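A.B. asks: Chains as they are written, first to last, in full-length UniProt numbering: chain C, 1 to 109; chain X, 1 to 166.
In case anyone wonders, no lab produced these hints; they're calculated from the structure. Check before you lean on any hint, since a few could be wrong.
Claimed, not checked - Label pairs and their computed distance ranges (CB to CB):
1. Ile-126/X <-> Asp-99/C: 14 to 22 Å
2. Thr-58/C <-> Glu-165/X: 30 to 38 Å
3. Lys-102/C <-> Glu-112/X: 40 to 48 Å
4. Leu-162/X <-> Asn-71/C: 41 to 49 Å
5. Glu-100/C <-> His-8/X: 45 to 53 Å
Claimed, not checked - No farther apart than 25 Å at their CA atoms in a straight line, the calculated lysine-lysine pairs in the DSS-like style are these:
6. Lys-12/C <-> Lys-161/X
7. Lys-80/X <-> Lys-70/C
8. Lys-166/X <-> Lys-12/C
Predicted model only: the values in this text are computed from it and were never measured. Virtual Cβ for every residue (Gly too), placed ideally from N, Cα, C.
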Amino acid sequence: MSRFDDIMNRFKTVPGVREYLESFEIQIGKQIFTRRIQLGWSQQQLVERCRQRGYPITQPMLSNIESGKKNIESNTYHIVLEVLGGAESIQIKFGPVPDEKKMTAALTE
Amino acid sequence: MSDILFEHSFSDQNEVEVLLNQIIDLSLQENPDPAYVALAHYVPLGMEYLRDLIIPTRLEQAIEWATSDIRDPDKQVHFKLILQTVSQRTVYEFRIDAPPLFFRAFFYIYNESVNRQYKIMTRAFIKDQKNPPIQQEAIQETALRANVFARDPIKNLRKLKLHNEK
Chain C
1 MSRFDDIMNR
11 FKTVPGVREY
21 LESFEIQIGK
31 QIFTRRIQLG
41 WSQQQLVERC
51 RQRGYPITQP
61 MLSNIESGKK
71 NIESNTYHIV
81 LEVLGGAESI
91 QIKFGPVPDE
101 KKMTAALTE
Chain X
1 MSDILFEHSF
11 SDQNEVEVLL
21 NQIIDLSLQE
31 NPDPAYVALA
41 HYVPLGMEYL
51 RDLIIPTRLE
61 QAIEWATSDI
71 RDPDKQVHFK
81 LILQTVSQRT
91 VYEFRIDAPP
101 LFFRAFFYIY
111 NESVNRQYKI
121 MTRAFIKDQK
131 NPPIQQEAIQ
141 ETALRANVFA
151 RDPIKNLRKL
161 KLHNEK
């Protein structure tokens with residue numbers, strides 16, 4: 001294990017951090033962000049490409065997507081992913097099944 | 001592939017690791033300061049993004065975004081994930097402005113190959129004033145570290161990797 005991994009694991013012991021980092025929105029936002037940078041596009045360039053295809057996305061919306069903000073519509077993800085080349089696969093690695101109490105807490109959060 | 005390594009500062013202290021552990025410790029206290037708890041969410045988030053990203057050779061503008069504060073959706077938190085410093089082009093800064101806390105970390109990069117980049121973190125602190133003297137000191141030291149590293153990158157990378165193993 002590296003020192004970096006060790007620190008990251010320690011951060012995940014702070015209440016709420018693991019759930020925050022492993023949330024769907026953060027995971028997909030990070031992939032969108034990494035892909036955009038890989039393509040050498042600015043946020044504005046990606047927004048313009050979305051608009052050219054008739055999708056009215058704004059830079060603040062893209063910023064929210066990339067930073068993992070909650071309550072983004074699934075269609076918005078779909079649009080951005082399409083413009084970035086389409087998602088050929090989205091893999092989900094499942095963790096252990098939470099107990100009922102934790103599940104209820106997560107759903108009502 | 002990309003990796004983050006920590007390097008000792010000239011004062012022989014691993015300032016980055018020490019600061020990160022302090023943020024964690026303060027967040028794990030019985031009645032933690034909510035500002036530190038929020039920072040304990042944002043710092044690993046930024047570090048994960050940073051780790052997974054290969055910084056382009058020609059970085060034309062800072063890579064940044066703003067998002068809602070987890071404590072208050074009406075407030076904003078600003079991330080400057082990668083900011084190339086003006087005075088030293090080999091030095092990069094990673095900033096998180098989550099008032100009242102302003103996190104700063106400095107690093108340089110080494111491209112082992114087209115697809116393999118290391119980000120070597122040297123200094124970090126929580127800023128409590130505009131342009132504190134420690135900021136210029138951190139930039140100068142990181143530039144010097146980058147310079148020393150570049151003299152024999154293969155040997156220095158090997159040493160750093162060893163130091164970064166737990």
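A.B. asks: Find the hints from earlier in the document that the structure breaks and name them by number, from lowest to highest.
C.D. replies: 1 and 2
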